[in-house]
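Q: Listed here are the chains, written in short residue letters.
There are 2 protein chains.
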Amino acid sequence: MISKVKNAMSNWVGGMMPHGHHHHHNHHSGGGQNCGQEGLPHRFPYGRPDFLDLTPELLQYSTEHASRPVIALKRGTRLPWGTGYAEAINAGKSMLNEDQASCEKLFVRKPSSKHRNSTLVDDNGDNTGIPLHFWGVYDGHAGSGAAIMASKLLHRIIRDGLGEICHLLENPNSAPPICLAKNGSPFQADAKKGAAQEAAEDTDAVCDASVRFYMEKVVSLESLVMGVIETAFKQMDDLIEKEKTSYAISGGCCALAAIYLMGKLYVANAGDSRAIIIRNSEVIPMTNEFTPESERQRLQYLGFLRPELLGNEFTHIEFPRRIQHSELGKKMLYRDHTMTGWAYKTIVEDDLKFPLIYGEGKKARVMATIGVTRGLGDHDLKVYNSNIYIKPFLSCVPEVMVYNLDENKHGPDDVLVMGTDGLWDVTTDKEVAEAVSTYLSRCDPSDPMRYTLAAQELLMRSRGVLKERGWRLPNDKLGSGDDITVFVIPLAGHESET
Amino acid sequence: MISKVKNAMSNWVGGMMPHGHHHHHNHHSGGGQNCGQEGLPHRFPYGRPDFLDLTPELLQYSTEHASRPVIALKRGTRLPWGTGYAEAINAGKSMLNEDQASCEKLFVRKPSSKHRNSTLVDDNGDNTGIPLHFWGVYDGHAGSGAAIMASKLLHRIIRDGLGEICHLLENPNSAPPICLAKNGSPFQADAKKGAAQEAAEDTDAVCDASVRFYMEKVVSLESLVMGVIETAFKQMDDLIEKEKTSYAISGGCCALAAIYLMGKLYVANAGDSRAIIIRNSEVIPMTNEFTPESERQRLQYLGFLRPELLGNEFTHIEFPRRIQHSELGKKMLYRDHTMTGWAYKTIVEDDLKFPLIYGEGKKARVMATIGVTRGLGDHDLKVYNSNIYIKPFLSCVPEVMVYNLDENKHGPDDVLVMGTDGLWDVTTDKEVAEAVSTYLSRCDPSDPMRYTLAAQELLMRSRGVLKERGWRLPNDKLGSGDDITVFVIPLAGHESET
Chain H
1 MISKVKNAMS NWVGGMMPHG HHHHHNHHSG GGQNCGQEGL PHRFPYGRPD FLDLTPELLQ
61 YSTEHASRPV IALKRGTRLP WGTGYAEAIN AGKSMLNEDQ ASCEKLFVRK PSSKHRNSTL
121 VDDNGDNTGI PLHFWGVYDG HAGSGAAIMA SKLLHRIIRD GLGEICHLLE NPNSAPPICL
181 AKNGSPFQAD AKKGAAQEAA EDTDAVCDAS VRFYMEKVVS LESLVMGVIE TAFKQMDDLI
241 EKEKTSYAIS GGCCALAAIY LMGKLYVANA GDSRAIIIRN SEVIPMTNEF TPESERQRLQ
301 YLGFLRPELL GNEFTHIEFP RRIQHSELGK KMLYRDHTMT GWAYKTIVED DLKFPLIYGE
361 GKKARVMATI GVTRGLGDHD LKVYNSNIYI KPFLSCVPEV MVYNLDENKH GPDDVLVMGT
421 DGLWDVTTDK EVAEAVSTYL SRCDPSDPMR YTLAAQELLM RSRGVLKERG WRLPNDKLGS
481 GDDITVFVIP LAGHESET
Chain B
499 MISKVKNAMS NWVGGMMPHG HHHHHNHHSG GGQNCGQEGL PHRFPYGRPD FLDLTPELLQ
559 YSTEHASRPV IALKRGTRLP WGTGYAEAIN AGKSMLNEDQ ASCEKLFVRK PSSKHRNSTL
619 VDDNGDNTGI PLHFWGVYDG HAGSGAAIMA SKLLHRIIRD GLGEICHLLE NPNSAPPICL
679 AKNGSPFQAD AKKGAAQEAA EDTDAVCDAS VRFYMEKVVS LESLVMGVIE TAFKQMDDLI
739 EKEKTSYAIS GGCCALAAIY LMGKLYVANA GDSRAIIIRN SEVIPMTNEF TPESERQRLQ
799 YLGFLRPELL GNEFTHIEFP RRIQHSELGK KMLYRDHTMT GWAYKTIVED DLKFPLIYGE
859 GKKARVMATI GVTRGLGDHD LKVYNSNIYI KPFLSCVPEV MVYNLDENKH GPDDVLVMGT
919 DGLWDVTTDK EVAEAVSTYL SRCDPSDPMR YTLAAQELLM RSRGVLKERG WRLPNDKLGS
979 GDDITVFVIP LAGHESET
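Residue numbers (the working numbering), protein chains in the order written: chain H, 1 to 498; chain B, 499 to 996.
One chain only, chain H, in its complex shape (with noise of 0.2 Å):
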């Protein structure tokens, strides 16, 4: 997420080391967003994604806003799937790259015994149970601190969801009992008994069949899988809320995952990141943004309901443009949480506050001050110089799109692509995919680089060259500012896969 106000930062960047706090706030982050946390250690040190294997020289370079070096995967390292990565900081906005990005390959498994209280454990090499591929990209806004901590963590989280249905996902033909044995699933049960008798409850479990009687709704696994990721960003967004109070967690970020299980590939979208599946050079679009427009209505009747939550600032109708005090009165186009077309209303008093939603495009914002409705983090974000805080319109609910790839046939240049909104913003759907699918027919099916080439390739072309006039596409066009995170997946991967 950009600022689209320019500020007077320099390029010139300092000692690396953690200073979430101490850098640049651009108006996203509002007046509050740190109150408190001076002085609080890091949850997680500034860095660049683990698999990336930075030294600290490379680190330090991977900062510099005049060059704005493209950071792709190393030649020698292999990701799950032969993955493609690149990445590129900002023109200047933020001292450090607000991105971040995780790829792993996870195990579920029951929740053993020994970890019953401690979960977001690591896997520690033990590969048994059912494998998870998961691709997370992170766009932070306000500081980098949430951004890096989801990177590290909502994987894991929604891995040990999974676990909790494990004898579930186990019996993939039969579908999920409605209700569970009291106090909670069979895997709750006494660790000293053996797995006949776990069996055995777990049969019990299903509640009584006379019940059945009445009507019940059938729940399809997948729709649990769903509602696993669901809750695992909202878990995720709770946990950041809770160590704030031991930590300093700087800012909010997007949040976009793509999860492959049993067949199924579940991408969840929070925020304005974008991912597409290109097949056979076609776009299949696999999430929708979550802008101040796209959500327009939800604000709005939340305003509307919630009236106290806007703090006599701002009003939920939105205008066209703001209202000058002597236009009272006088008619003017507006909407209400109801409309999509617009009609005018005679201009009264409470019109003057300032619009919930204003502005258009990548200009639109909240209550003036974030441009992305969906997220983790972001708690104390308010309304500069007010104590008005944003965080009840945001949702940290996805939205979970689901692509069963084991049922598609898919060839070695049928990929999906994640990235941030600076890839986006300066380059269409269709022109990534042209860029991906030429890119490919023309490298050696062969190179285990060729994914991460084709990713570096995006990365140059929403970047762009710096000339006298700022970075520049090669239509001339302004190249994008903002950092810029890329992953290209191979569809196929999964099947070369050993």
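None of these hints come from the bench; they were simulated from the model.
Each residue gets a CB set at the ideal place from its N, CA and C atoms; glycine is no exception.
Among the hints, a few may not be true.
Just the calculated beta-carbon pair ranges, DEER-fashion [as the list claims (entries may be wrong)]:
| id | chain 1 | residue 1 | chain 2 | residue 2 | range |
| --- | --- | --- | --- | --- | --- |
| 1 | B | 713 | H | 128 | 54 to 62 Å |
| 2 | B | 822 | H | 307 | 38 to 46 Å |
| 3 | H | 360 | B | 993 | 34 to 42 Å |
| 4 | H | 58 | B | 780 | 51 to 59 Å |
| 5 | H | 171 | B | 761 | 54 to 62 Å |
| 6 | B | 713 | H | 281 | 47 to 55 Å |
| 7 | B | 820 | H | 404 | 27 to 35 Å |
| 8 | H | 40 | B | 848 | 35 to 43 Å |
EDC-like cross-link-like pairs, simulated, lysine to aspartate or glutamate; straight-line CA separation at most 16 Å [said to hold, decoys possible]:
| id | chain 1 | residue 1 | chain 2 | residue 2 |
| --- | --- | --- | --- | --- |
| 9 | H | 362 | B | 551 |
| 10 | H | 110 | H | 160 |
| 11 | B | 828 | H | 164 |
| 12 | B | 861 | H | 216 |
| 13 | H | 217 | B | 791 |
| 14 | B | 889 | B | 806 |
| 15 | B | 715 | H | 160 |
| 16 | H | 391 | H | 241 |
| 17 | B | 715 | B | 739 |
| 18 | H | 363 | B | 714 |
| 19 | B | 843 | H | 164 |
| 20 | B | 732 | H | 336 |
| 21 | B | 762 | B | 858 |
| 22 | H | 234 | B | 834 |
| 23 | H | 264 | H | 241 |
| 24 | B | 715 | H | 216 |
| 25 | H | 217 | B | 858 |
| 26 | B | 860 | H | 216 |
Got chain H; can you put chain B on it based on the hints?
A: For chain B alone, coordinates are given in the frame of chain H:
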């Protein structure tokens, strides 16, 4: 809307005259639908659409539940564009046909000083102004009053709303001004002023150009027309509420309207009626249905933010079935207002309340009462045997879709089909398209009855034929026992209009 609960009502129909509050109530009607209406006169008498021109004998005949006669447009009656129409009464769920329909050609003009305070007047044969074509389909429930009233007035409210922006419609190439003169549009200026003077004020009306320096959204004329239509539905609903103090206006209704204005077709839908365009035998859906399932999250969100509306009887959380008291402490699948997938939660006391949304498909209900979530009327509708009102959960605002009619070429077999759910419950879009395309292709292209015959064909296909085991379709499946109403509107009909 048909009740899925069979009632013991006799098929015998007595005297025909207005007795909206006498006829049998199915469980949609709740306890208090007609409270306080006893003794009030009807706003409009019961009848079938004027254009059918039924004699008293035919009106009586149209209510025979045993034979369910197909009532179609008479040979010799020509509706605008040569529109075809057919209808049939239900199989016995209510004494009268609760569907209504209207088809009108109107003219949009400035509100004249004469009618300043009396809207809803007739056109009086004065064919000046911008022509407006209107088709409306109204599916009543729990009484026929709201549907009848809407079928008489909604198109006039829309016409009058468009009249207010008539000066903008007359200049379709200039963007509508954001702000109009103090005290309303120029048309509300003193009636004694001449046209030239009014035009001068019109220019004056646009606000000071200096404010344009700030962000200002450009609003299209099309979205202004959408705003008029959305507002008109709200005005219609408010009028029903207001006039209920003086008249008996029973029940509520779904409303589906098609408006042709200045080259564009606007299709506005509030409820579970449905409209599709059939072009080159291909289906273009022009509506989405609004039901407890499709609007689940909106309703749950309201219940979550305003729990007092649930009257301590309902929970906003969705469960796949009722929970029994003995299941307290067990874990059950659930969805809250943010979720699309399902997850398990431990059952607490509060979860024993009845779910706000309950049931599947056509049996899904809001607060166990109503199976449709948008429409007009229903102001007095309560949960059976309680004081809990349903209306706060219902929306009267339509979704409006726009089809650029004049920018597409249409042959004589390209049509817009509008129908109440009686049609669509048993016949898919594709089946309707095939039936219409096949029928019209075999039909004499010069027969003025061809679209009415096509409507009749669709009607027969969804009503079926009475056999020993009820109304049956040719494939022996159950036909629709609901009221059925169908318009078949030729899209090239506009060109043949004189």
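Q: Could you run down the list of hints and mark each one as holding or not?
A: A quick look at each hint next to the structure:
| no. | hint | verdict |
| --- | --- | --- |
| 1 | 713/B to 128/H: 54 to 62 Å | 57 Å, holds |
| 2 | 822/B to 307/H: 38 to 46 Å | 40 Å, holds |
| 3 | 360/H to 993/B: 34 to 42 Å | 38 Å, holds |
| 4 | 58/H to 780/B: 51 to 59 Å | 56 Å, holds |
| 5 | 171/H to 761/B: 54 to 62 Å | 58 Å, holds |
| 6 | 713/B to 281/H: 47 to 55 Å | 38 Å, violated |
| 7 | 820/B to 404/H: 27 to 35 Å | 33 Å, holds |
| 8 | 40/H to 848/B: 35 to 43 Å | 37 Å, holds |
| 9 | 362/H to 551/B | 56 Å, violated |
| 10 | 110/H to 160/H | 8 Å, holds |
| 11 | 828/B to 164/H | 15 Å, holds |
| 12 | 861/B to 216/H | 12 Å, holds |
| 13 | 217/H to 791/B | 12 Å, holds |
| 14 | 889/B to 806/B | 14 Å, holds |
| 15 | 715/B to 160/H | 47 Å, violated |
| 16 | 391/H to 241/H | 11 Å, holds |
| 17 | 715/B to 739/B | 35 Å, violated |
| 18 | 363/H to 714/B | 12 Å, holds |
| 19 | 843/B to 164/H | 12 Å, holds |
| 20 | 732/B to 336/H | 12 Å, holds |
| 21 | 762/B to 858/B | 36 Å, violated |
| 22 | 234/H to 834/B | 12 Å, holds |
| 23 | 264/H to 241/H | 31 Å, violated |
| 24 | 715/B to 216/H | 49 Å, violated |
| 25 | 217/H to 858/B | 7 Å, holds |
| 26 | 860/B to 216/H | 14 Å, holds |
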